[in-house]
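Enquirer: Starting from the known structure of chain A, arrange chain B with the ligands on it as the hints suggest.
Those protein sequence lines, which keep their order, are chains A and B.
Just so we're aligned, residue 1 is where the first sequence starts under my numbering, counting upward by one.
Just so we're aligned, residue 1 is where the second sequence starts under my numbering, counting upward by one.
No lab work stands behind these hints: they were computed from the structure.
Hints are supplied without guarantee of correctness; some may be wrong.
Copies of the same chain are indistinguishable here, so a pair counts whether it falls within one copy or spans any two.
What the hints assert, rightly or not - Distance condition first, Cα-Cα at most 20 Å in a straight line; then the derived PhoX-like pairs of lysine-lysine: (1) Lys97 / Lys325; (2) Lys332 / Lys317; (3) Lys302 / Lys364; (4) Lys364 / Lys299; (5) Lys332 / Lys236; (6) Lys332 / Lys97; (7) Lys236 / Lys97; (8) Lys20 / Lys75; (9) Lys236 / Lys325; (10) Lys317 / Lys302.
2 protein chains.
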Amino acid sequence: MTRVVRVDIAHAPYDILIGKNLLSVADRISSLLPQPRVAIVSNTTVAPLYMQPLVASLEAQGIVCQQIILPDGEKYKTWESLNLIMDALLTERAERKTTLIALGGGVIGDMTGFAAAIYQRGVPFIQIPTTLLAQVDSSVGGKTAINHPLGKNMIGAFYQPRLVLADIDSLSTLPDREFSAGMAEVIKYGLIDDPEFLAWLEVNMDGLMARDEVLLAEAIERCCQNKARIVAADEKETGQRALLNLGHTFGHAIEAGMGYGVWLHGEAVAAGMVLAAYASQALGHLITQDVERVIAILKKTKLPVVSPSLGGAARFKELMAQDKKVDAGRIKFILLRQLGEAYIGELPESAIDSALLAACEADK
Amino acid sequence: MTRVVRVDIAHAPYDILIGKNLLSVADRISSLLPQPRVAIVSNTTVAPLYMQPLVASLEAQGIVCQQIILPDGEKYKTWESLNLIMDALLTERAERKTTLIALGGGVIGDMTGFAAAIYQRGVPFIQIPTTLLAQVDSSVGGKTAINHPLGKNMIGAFYQPRLVLADIDSLSTLPDREFSAGMAEVIKYGLIDDPEFLAWLEVNMDGLMARDEVLLAEAIERCCQNKARIVAADEKETGQRALLNLGHTFGHAIEAGMGYGVWLHGEAVAAGMVLAAYASQALGHLITQDVERVIAILKKTKLPVVSPSLGGAARFKELMAQDKKVDAGRIKFILLRQLGEAYIGELPESAIDSALLAACEADK
Ligand SMILES: NC(=O)c1ccc[n+]([C@@H]2O[C@H](COP(=O)([O-])OP(=O)(O)OC[C@H]3O[C@@H](n4cnc5c(N)ncnc54)[C@H](O)[C@@H]3O)[C@@H](O)[C@H]2O)c1
Ligand SMILES: NC(=O)c1ccc[n+]([C@@H]2O[C@H](COP(=O)([O-])OP(=O)(O)OC[C@H]3O[C@@H](n4cnc5c(N)ncnc54)[C@H](O)[C@@H]3O)[C@@H](O)[C@H]2O)c1
Ligand SMILES: [Zn+2]
Ligand SMILES: [Zn+2]
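Same shape as in the complex, but just chain A:
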């Protein structure tokens, strides 16, 4: 059974399909193409696994496929890789109606989406996310980006795909560590505004970690529904969409401070959500048991719950000040009023210190 989640963005609504065997049945793709020609962007890890069935099914429908294979890794989410895509498209004379397809995790999805946004000022774009993180989060909502040495995702565009194909089958080859990293974003949805889902996750986490396909499809659908609702209401993140960044201001500092790629994005977000919980406790919103509940579910998924110190609080804050969610020098944090109810607010210096201290002591 294929599940469908509609993303109701006014100027460009689209569907997310969640199910099995989607990759090798590309008829949903072909019906969307303005010309029978695509360029599929993937990387050296994913292409050997999934490129062939995708290309075979597209070619069977008369679609010409260009393949662009990038090196694998967050550290390649750069200008240079983006340029490799541009070079390849121009060398093959890809046109304004040629559709770009991202086949891979969030890194490939973010870069390919950005490439689609800027190649000839914008060409059609389809997401085929192959990691849990990409299926529940990065492939939905149209945020695209590359990193800059001075900050993560600093250069990019809002650019919506025309279709998202989340094929559960592809998760079977995902390394455990990557699977866990995706679970951080899954749990995030529960914490933001879906306490019922949080409770469901606490009950079903063992089955999810064993990659039970029915439970996985259920969880992915719920995450996509949550994200679609938030994104449809605030595409360009002028308001509530920022809630999706729970744990991310802390998390981005961890990713940057450790050097991109040392901690996985989801791992950094996990430790970041714990810091956000500590900070929310310092503000008097959460009680100890709440924080412990956050830590417990993250531990079940084998995610890190203790942030590295990054060489001290001063450096940590400096790294956070480079985040995009800064207005007139003030950082906006996503905090928890209670579990399942996040809000956007500011954090007094002292609450940041309390959170970092709690993390430091937990590390003892």
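Expert: Just chain B with the ligands now, with coordinates in the frame of chain A:
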């Protein structure tokens, strides 16, 4: 007297102000800023002339100004220059509400607009065009781009400014050759769909070339009105907006074939419009006198009317095939049904050859 042209793009309408002394009276800018902070991008030629009065008037209103000065020239309309802008913005921690201001010609405008489109996925943007070409064309309509070795303006975005300030005073320092190049785009509007304006230009070209300020303001306003109307009806160039590319498919081939910067954009467009006229004659639309009228007004502006051969017809066509206006391998040309009535169509190989032959013979 300041003239105002409204660009009625549904999601983001904005004004073009045309007049004198606009640069040093920055109150229209300050009222639009979401935060009292701007980054002004200019180049080594324009900044010494106009940066100081602009900064002075902004600072007098308490606005913090970062200055980013790039090298001057079409050959610097590249990834590398764009990266210099990104580096500077990130080093100074420019935020999502920091407004980018382009102060310069079309090169600075196109690059700064693209930088605004992609810095942190989009920040506000204001155009202060200082060339005739930029005032009548490139600053209006939201096309932004950089060049790629394999094609001009191949990487970019549609991204609208919040305001365009066309200060006639700034044209006083413009070199004659650049002034003429801008005139090519002025004449283009007459040819596309404004025969009355074409006739007005024929009458007033001597005064315009003498840079009579009243005539100039009149012409700039008329061009902006024409462009605003076309752009508002078709922002993303899915249809009629392509008419604005009259002479440009030929022209881009000339620019690329000669090496960017050897021929000015406007010069290439002038020779390109003559080729488009010859081709339209080959199709039986124009008569010899029409083509001569096109050549005559371009000659009055000291623009080249004879295209270089670029090493032969085969190479010329190859260069044209790299244009963005290609669909399933077929190039879309902008042709003339009559003077003042352009249309989008295809050109049989033979008509291209006839046009290139006419240019070749005119060169004898
Ligand atoms: N755009 C958004 O809204 C958004 C949201 C969250 C995260 N992100 C971005 O997503 C990125 C992280 O995404 P990610 O976690 O998917 O990382 P990733 O893309 O690096 O993928 C993780 C690893 O798994 C490999 N892989 C992918 N699919 C596989 C499969 N099916 N089998 C085996 N291996 C597979 C990849 O090659 C890679 O080595 C970050 O750059 C982050 O900034 C973006
Ligand atoms: N975005 C669009 O819709 C659009 C439309 C047409 C052209 N363009 C682009 O615009 C560019 C050409 O623009 P341009 O003709 O303004 O070239 P330009 O920006 O290179 O300016 C021409 C020269 O004049 C100098 N200059 C600028 N203002 C001056 C002044 N007031 N006094 C003295 N010198 C001055 C510049 O430094 C430069 O040396 C091309 O890259 C073309 O692709 C874009
Ligand atoms: Zn995330
Ligand atoms: Zn032009």
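Enquirer: First find the shortest C-alpha distance between Lys364 and Lys299 inside one copy, then the shortest across copies, and answer within, between, both or neither for a cut-off of 20 Å.
Expert: Cα proximity of Lys364 and Lys299: one copy only (17 Å, versus 82 Å across).
Enquirer: Cα distance capped at 20 Å. Does Lys20 pair with Lys75 within a copy, between copies, both, or neither?
Expert: The answer is neither: 31 Å in one copy and 50 Å across copies each exceed 20 Å.
Enquirer: How do Lys97 and Lys325 come out at 20 Å by Cα distance, when the copy is not named: within, between, both, or neither?
Expert: Between. Shortest inter-copy distance 10 Å satisfies the 20 Å Cα cut-off; intra-copy 34 Å does not.
Enquirer: Checking Lys332 and Lys317: alpha-carbon separation at most 20 Å within a copy, between copies, both or neither?
Expert: Within one copy only: 12 Å inside a chain, 54 Å across chains, cut-off 20 Å.
Enquirer: Is it within a copy, between copies, both, or neither that the alpha carbon of Lys302 lies no farther than 20 Å from that of Lys364?
Expert: Only inside one copy: Lys302 and Lys364 sit 19 Å apart there, 79 Å across copies, limit 20 Å.
Enquirer: For the identical chains here, do Lys236 and Lys325 meet the 20 Å Cα criterion within one copy, between copies, both, or neither?
Expert: Classified as within: same-chain Cα gap 13 Å, cross-chain 29 Å, threshold 20 Å.
Enquirer: One pair to classify: Lys317 and Lys302, alpha carbons no more than 20 Å apart. Within, between, both, or neither?
Expert: Answer is neither: 27 Å inside a copy and 60 Å across each miss the 20 Å cutoff.
Enquirer: Is the C-alpha distance from Lys332 to Lys236 at most 20 Å within one copy, between copies, in both cases, or in neither?
Expert: within (16 Å within a copy, 34 Å between copies)
Enquirer: For the identical chains here, do Lys236 and Lys97 meet the 20 Å Cα criterion within one copy, between copies, both, or neither?
Expert: between (25 Å within a copy, 13 Å between copies)
Enquirer: At most 20 Å between alpha carbons: which applies to Lys332 and Lys97, within, between, both or neither?
Expert: between (39 Å within a copy, 14 Å between copies)
Violated hints, in rising order: 8, 10; the structure is consistent with all others.
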